[in-house]
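J.: Just so you know, the sequences run in chain order A and B.
Read in order, the letters of the first sequence are residues 1 to 203 in our numbering.
Read in order, the letters of the second sequence are residues 1 to 203 in our numbering.
Hints are all accurate, no fakes.
Intra- or inter-copy, both count: the list cannot distinguish identical chains.
Listed next, the in silico DSS-like pairs over lysine-lysine satisfying Cα-Cα at most 27 Å (straight line): (1) K201 with K130; (2) K172 with K32; (3) K110 with K49; (4) K3 with K187; (5) K110 with K199; (6) K199 with K172; (7) K32 with K110; (8) K201 with K3; (9) K141 with K199; (10) K201 with K172; (11) K84 with K3; (12) K22 with K84.
Don't read these hints as lab results, they were simulated from the structure.
Bear in mind the structure is a predicted one, so any value in this text is a computation, not a measurement.
Number of protein chains: 2
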Amino acid sequence: MAKGKLFVISGPSGTGKGTICKSILENEADVKLSVSMTTRIPREDEVDKVHYYFVEQGIFEQLIDESGFMEYASVYGNYYGTPKKQVLQWLSQGNDVILEIDVQGALQVKKNYPQCVLIFILPPSFEELKSRIEGRGSETKETMTRRLGEALHEISFIGRYDYRIVNDDLHKAIAEVRGIITTERCKIDEGEALRIIGKYKEE
Amino acid sequence: MAKGKLFVISGPSGTGKGTICKSILENEADVKLSVSMTTRIPREDEVDKVHYYFVEQGIFEQLIDESGFMEYASVYGNYYGTPKKQVLQWLSQGNDVILEIDVQGALQVKKNYPQCVLIFILPPSFEELKSRIEGRGSETKETMTRRLGEALHEISFIGRYDYRIVNDDLHKAIAEVRGIITTERCKIDEGEALRIIGKYKEE
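Let's have the full structure, built from the sequences with the hints guiding it.
T.: So, in structure tokens, the structure goes:
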């Protein structure tokens, strides 16, 4: 079986990344979503092993020592990272894998796995971004200003991404991500070309 | 308006290129199909300005002299070519344009317009290719052998293409071509990145 492709999806919070990924998983049996690991405390609505692997700091640091992460970072005193083993296993089994991670993580992954595909999800406009961040509620004014600043900082790295999707219509955005996955499977590299030529000559 | 993208679709005869292109045009209002020009005699089922612009040799050669073709060739004593003017006009109006042309023409176009996207449509297998060529009927054994040789010769250039689509299921093949068109529209280049960053900073 051919090896799977690795897709990294980033974008400011409130742009609908999670909803898009969920829909892809439901509709594409061969696509897997990596679950990140973190040392931060779960929020009330978060489920262990679904939203994150919630672990103690010692466990996380042991995995760092074992080079067990595709990328990791410490943000506001908490670790976040993508465990390597499951992702590489899926890829070698021919599954495509999605990582839903931030820009910092995405650029680390691209450095180590240059063949991965980086997709950036954009809100339709700056105003919309602001109102989505505010709409989350239960945030102080300070937190909202910080989140907005982070969003603009993330967007400033968009030139390092392969594709951008403007989520002004969820169905369109989902179709575009699915289109990118399909298209990457149709790409021809040298090995593939030789395999095809061989196939049509030998038969 | 953004400039359109140029797509070139090739593949051996009998692989369903025409059916795929027809479906794309019916479903994507912004996509245009270029009509080629030829000096050969129309077949019974062929309509002028739909299947080809059928012209006299003198007209064709005049357009060659005026550098009016994106690509052209002489095959078995007849000229075939892609008139440039309409295609460039569509692209500048923001329409995507499909050329359904042979490998020789595709490689000429890629040389002159390196940003174009080359798509190769493959039959599911060598046996299927053979039976599709035979299935056209009204062909001598000699013609069929020649067509099969041409098909294998075309496939030998597949490494120069960006994408390959195996037409073992027409709906899947059409979805894949549409996916490629959608995906190309989501690509980020440097100019696009700067435009996005500016948009989210200024607002």
